[in-house]
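Now for the letters of each chain:
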Amino acid sequence: MAAPKKSVAKESGQEKAGSPPEFTREQELKALRDMLLIRRFEEKAGQLYGMGAIGGFCHLYIGQEAVVVGMQMALKQGDEVITGYRDHGHMLACDMEARGVMAELTGRRGGYSRGKGGSMHMFSKEKHFYGGHGIVGAQVSLGTGLAFANRYRGNDNVSVTYFGDGAANQGQVYESFNMAELWKLPVIYVIENNRYAMGTAVSRASAQQDFSKRGVSFNIPGKQVDGMDVRAVKAAADEATAWCRGGNGPIILEMQTYRYRGHSMSDPAKYRTREEVEKVRHDQDPIEQVRNRLLASGVSEQDLKAIDAEVREIVNEAADFAQHDPEPDASELYTDIYR
Amino acid sequence: MPIQVLMPALSPTMEKGNLAKWLKKEGETIKSGDVIAEIETDKATMEVEATDEGTLGKILIPEGTADVAVNTPIATILADGESAADLAKVSAAPAPKAAEAPAAEAKGDAKAEAPQPAAKAPAAPVNEALPDPEIPAGTEMVTQTIREALRDAMAEEMRRDGDVFIMGEEVAEYQGAYKVTQGLLQEFGARRVIDTPITEHGFAGVGVGAAMAGLKPIVEFMTWNFAMQAIDQIINSAAKTLYMSGGQMGCSIVFRGPNGAAARVAAQHSQDYAAWYSQIPGLKVIAPYSAADYKGLLKAAIRDPNPVVFLENEMLYGHTGEVPKLPDFVVPIGKARIARAGKDVTIVSWAMGMSYALKAADELAKEGIEAEVIDLRTIRPMDTETVINSVKKTGRAVTVEEGWQQSGVGSEVAARIMEHAFDYLDAPVARVSGKDVPMPYAANLEKLALPSVAEVVAAAKAVSYR
Numbered sequence: 001m002a003a004p005k006k007s008v009a010k011e012s013g014q015e016k017a018g019s020p021p022e023f024t025r026e027q028e029l030k031a032l033r034d035m036l037l038i039r040r041f042e043e044k045a046g047q048l049y050g051m052g053a054i055g056g057f058c059h060l061y062i063g064q065e066a067v068v069v070g071m072q073m074a075l076k077q078g079d080e081v082i083t084g085y086r087d088h089g090h091m092l093a094c095d096m097e098a099r100g101v102m103a104e105l106t107g108r109r110g111g112y113s114r115g116k117g118g119s120m121h122m123f124s125k126e127k128h129f130y131g132g133h134g135i136v137g138a139q140v141s142l143g144t145g146l147a148f149a150n151r152y153r154g155n156d157n158v159s160v161t162y163f164g165d166g167a168a169n170q171g172q173v174y175e176s177f178n179m180a181e182l183w184k185l186p187v188i189y190v191i192e193n194n195r196y197a198m199g200t201a202v203s204r205a206s207a208q209q210d211f212s213k214r215g216v217s218f219n220i221p222g223k224q225v226d227g228m229d230v231r232a233v234k235a236a237a238d239e240a241t242a243w244c245r246g247g248n249g250p251i252i253l254e255m256q257t258y259r260y261r262g263h264s265m266s267d268p269a270k271y272r273t274r275e276e277v278e279k280v281r282h283d284q285d286p287i288e289q290v291r292n293r294l295l296a297s298g299v300s301e302q303d304l305k306a307i308d309a310e311v312r313e314i315v316n317e318a319a320d321f322a323q324h325d326p327e328p329d330a331s332e333l334y335t336d337i338y339r
Numbered sequence: 340m341p342i343q344v345l346m347p348a349l350s351p352t353m354e355k356g357n358l359a360k361w362l363k364k365e366g367e368t369i370k371s372g373d374v375i376a377e378i379e380t381d382k383a384t385m386e387v388e389a390t391d392e393g394t395l396g397k398i399l400i401p402e403g404t405a406d407v408a409v410n411t412p413i414a415t416i417l418a419d420g421e422s423a424a425d426l427a428k429v430s431a432a433p434a435p436k437a438a439e440a441p442a443a444e445a446k447g448d449a450k451a452e453a454p455q456p457a458a459k460a461p462a463a464p465v466n467e468a469l470p471d472p473e474i475p476a477g478t479e480m481v482t483q484t485i486r487e488a489l490r491d492a493m494a495e496e497m498r499r500d501g502d503v504f505i506m507g508e509e510v511a512e513y514q515g516a517y518k519v520t521q522g523l524l525q526e527f528g529a530r531r532v533i534d535t536p537i538t539e540h541g542f543a544g545v546g547v548g549a550a551m552a553g554l555k556p557i558v559e560f561m562t563w564n565f566a567m568q569a570i571d572q573i574i575n576s577a578a579k580t581l582y583m584s585g586g587q588m589g590c591s592i593v594f595r596g597p598n599g600a601a602a603r604v605a606a607q608h609s610q611d612y613a614a615w616y617s618q619i620p621g622l623k624v625i626a627p628y629s630a631a632d633y634k635g636l637l638k639a640a641i642r643d644p645n646p647v648v649f650l651e652n653e654m655l656y657g658h659t660g661e662v663p664k665l666p667d668f669v670v671p672i673g674k675a676r677i678a679r680a681g682k683d684v685t686i687v688s689w690a691m692g693m694s695y696a697l698k699a700a701d702e703l704a705k706e707g708i709e710a711e712v713i714d715l716r717t718i719r720p721m722d723t724e725t726v727i728n729s730v731k732k733t734g735r736a737v738t739v740e741e742g743w744q745q746s747g748v749g750s751e752v753a754a755r756i757m758e759h760a761f762d763y764l765d766a767p768v769a770r771v772s773g774k775d776v777p778m779p780y781a782a783n784l785e786k787l788a789l790p791s792v793a794e795v796v797a798a799a800k801a802v803s804y805r
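In order, the protein sequence lines correspond to chains A and B. Anchor point for the first sequence: position 317 equals 317 in the working numbering, and the numbering is continuous, going up by one each time. Take the position in the second sequence, starting the count at 1, then add 339; the result is the number in the working numbering.
Hints were generated in silico from the structure; no laboratory data involved. Predicted model only: the values in this text are computed from it and were never measured. Careful: at least some of the hints might be erroneous.
[Stated by the list, open to error] No more than 25 Å apart at the CA atoms, straight line, and that leaves these computed lysine to any residue pairs for SDA-like:
| id | chain 1 | residue 1 | chain 2 | residue 2 |
| --- | --- | --- | --- | --- |
| 1 | B | K705 | B | D765 |
| 2 | B | K360 | B | Q343 |
| 3 | A | K125 | B | D643 |
| 4 | A | K76 | A | E181 |
| 5 | A | K125 | B | D502 |
| 6 | A | K125 | B | K360 |
| 7 | A | K184 | B | K664 |
| 8 | B | K664 | B | R498 |
| 9 | A | K213 | B | P536 |
| 10 | A | K125 | B | P347 |
| 11 | B | K364 | B | L349 |
| 12 | B | K732 | B | H759 |
| 13 | A | K76 | B | D502 |
| 14 | A | K213 | A | L182 |
| 15 | A | K125 | B | D500 |
| 16 | A | K184 | B | P536 |
| 17 | A | K184 | B | E508 |
| 18 | A | K125 | B | G586 |
| 19 | B | K518 | B | P347 |
Whenever a hint applies, use it, and build me the whole structure from the sequences.
If you want it as structure tokens, here you go:
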């Protein structure tokens, strides 16, 4: 078993766990399959973007898959998920259909927003996915509002509110932290620290680089988590959901992760070296970690290939659908403005 | 010489108050800082502290007197060595020193709102010019302040629907910065009447998030000026999500609070946002004038499944009007009201602008010009049809607003008239508006910056070639 050789997490973490609890084989297989689906989907999206089938902004999640998959494994039916613009992975993890997401990327009528939202603006009430928001940090207040609604209704749902290391510097994040703790709202703030806010390294933008401490002045507990290890993410998510469901208010999880691709498709990524990216890929890839553990535990290469094939088929079917589905009818221009 | 104690102005918009109680008796010694009386306004009870030392010489306004105008002498204080005999000097003395009540003095001068006979005040909202088609004939009417009408609208909707709640700064325990939410905490409790920190951006976003989850928040901004901190959530999150989600995820939410110029609060606190929000597809924008419309339209806004920007006016909160006594009085969004019928010129206005428009119509009538005054009530969606039908009849139009002219709502009205009734126009549409300056503080400049009845009269005559 090839455990991560060096954690992305620095040693400064507030609570540095040792080795996370092992997954069952079933859990490992599910994590592998869900992460693979995101990766293959994103690779295909990148390809379609290059072909001109996808326009505008397209932010890929490759490298960060363990975060959303590990979090989702700890959630129950009814928990809400909301995130920023790097959202394809979150939607797939929420069990939204790949074809609907891909068709939205290509701006077709079969897309989740009927082609009117695009990469950054997709939603599914059915799957409790609340977007998909293009304004950096805006989803943090909105996610806090989802938690407010849970509290108002007295249910035990938790709002999982994702944002990045860049958004973590926005003012409304702290306004939201204050209200969340003041009112003991059930919200998990998942800070996906992928080390770069677009082209700006965390060290160049953040006075406090330990994001788990960002809630300290509001008495919100926080934890740094190895976001490249899906087991560590799941374990942290289990604790966090229990904390929130126990009526203790919000909690912050800093997920230390890494994005392999540029900020968006148009980002040449000159702000970091190729070696840096290669090293993370080689040493810490979240999918390879699971794959290696499964192989070490006796699962056959053949079985893993079958998973890969199943995922590729879903993605290919989605891509095919997304390229052949018609564009929205012109009459759609004037629908969905009011209800 | 004895010192006069004047009825103080306790807020920028206070015009009068009740002298509830004297806490000192005639002949008692008074030190600076002593509380000498209690005054009630429609918002609150406030204590009056002495600023001078001496003996309370004579109480001029007995306790229990209602509606004492700001600046009225209420008592005299005798300085050391003075006696009751000196009181006579006071009655012969000229008007009170302006310096003792600057706010009140400024008010009568600047805002044309004070009820003193000298002030050129637009009267309280006038509903009786034309019956409102929304109100069945013979309906019993009750007189209430606009503040009360708003409160009743919210209370009725909160009783009707458990998903409706209100959040904002000072809405609960303080009973509302402008007392619009008075009593709501007592009736509905802290779960549904929620004081927020002073963080407009954050709590607007929390409100929108709660609305996305299916609740129906009323988000009160202490004034719309502060909502500029939150405008991203109002526009990018609330207004656009339904469209961006292909109709899946809407947002039933009301953003409300006082908009536009209050009195003497200068540039950062005196801005009209009607034009700003009216540009946004996905938002509805309401700016009522009459008490009945305040109530009926707020109820409609709360029920509306879309995000609604509800623009109130602090100057009107204390004004009274007739509100129909109906169990469920709802005014439809998007319908203008002909507030006064006329055949010679159409005056289109809304919100505070109506006070100038109606007053101007009275003036014009004296000169034989019958103005038809249209209260838009809703800025978006705009009831173009009512405006066009009127202009087809009169052939002339004037718009009146307190906001700025460039890209203003009046400009939009003028453009629609040009597009739909060009051939009926006998003159170019005239726009009366706030001047193209930040709102000044000085009383005389503030008055100049706002529109006036005289400007409306002049514009109506100009388009009538009179």
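Hints, verified against the model:
Taken as a hint, the B/K705 and B/D765 pair is honoured in the structure, with Cα atoms around 22 Å apart against an allowance of 25 Å. For the hint linking B/K360 to B/Q343, the alpha-carbon distance of about 18 Å falls within 25 Å, and the restraint holds. A threshold of 25 Å between alpha carbons decides the hint, and for A/K125 with B/D643 the separation of about 20 Å falls inside it, so the pair holds. For the given pair, A/K76 sits about 23 Å from A/E181 by alpha-carbon distance, which is consistent with the 25 Å threshold.
Of the supplied pair hints, the one linking A/K125 and B/D502 holds, its CA atoms being roughly 18 Å apart against a limit of 25 Å. Taking the CA atoms of A/K125 and B/K360, the gap is about 58 Å. The hint is violated against a cut of 25 Å. Using a Cα cut-off of 25 Å, the hinted pair A/K184 and B/K664 is violated, with the two alpha carbons roughly 41 Å apart. With a CA separation close to 17 Å, the supplied pair B/K664 and B/R498 stays within the 25 Å bound.
Between A/K213 and B/P536 the CA atoms are separated by roughly 22 Å; this keeps the pair inside 25 Å, and the hint holds. Pair hint A/K125 plus B/P347 does not hold up; C-alpha atoms about 56 Å apart against a cutoff of 25 Å. Straight-line distance between C-alpha atoms of B/K364 and B/L349 comes to about 23 Å, which keeps the hinted pair within the 25 Å bound. A threshold of 25 Å between alpha carbons decides the hint, and for B/K732 with B/H759 the separation of about 13 Å falls inside it, so the pair holds.
For the suggested pair A/K76 and B/D502, the alpha carbons sit about 24 Å apart, so the restraint of at most 25 Å is met. With a C-alpha separation of about 17 Å, the suggested pairing of A/K213 with A/L182 holds against the 25 Å cut-off. For a cut-off of 25 Å, the pair hint linking A/K125 to B/D500 stands: about 22 Å separates their Cα positions. Proposed proximity of A/K184 and B/P536 is supported: the alpha carbons are some 14 Å apart, at most 25 Å.
Proximity of A/K184 to B/E508 is assessed by CA-CA distance (about 19 Å); at most 25 Å being required, the pair is judged to hold. For the proposed pair A/K125 and B/G586, the alpha carbon gap of about 11 Å is at most 25 Å, so the pair holds. Taking the CA atoms of B/K518 and B/P347, the gap is about 19 Å. The hint holds against a cut of 25 Å.
Hint violations for this structure: numbers 6, 7, 10, all remaining hints satisfied.
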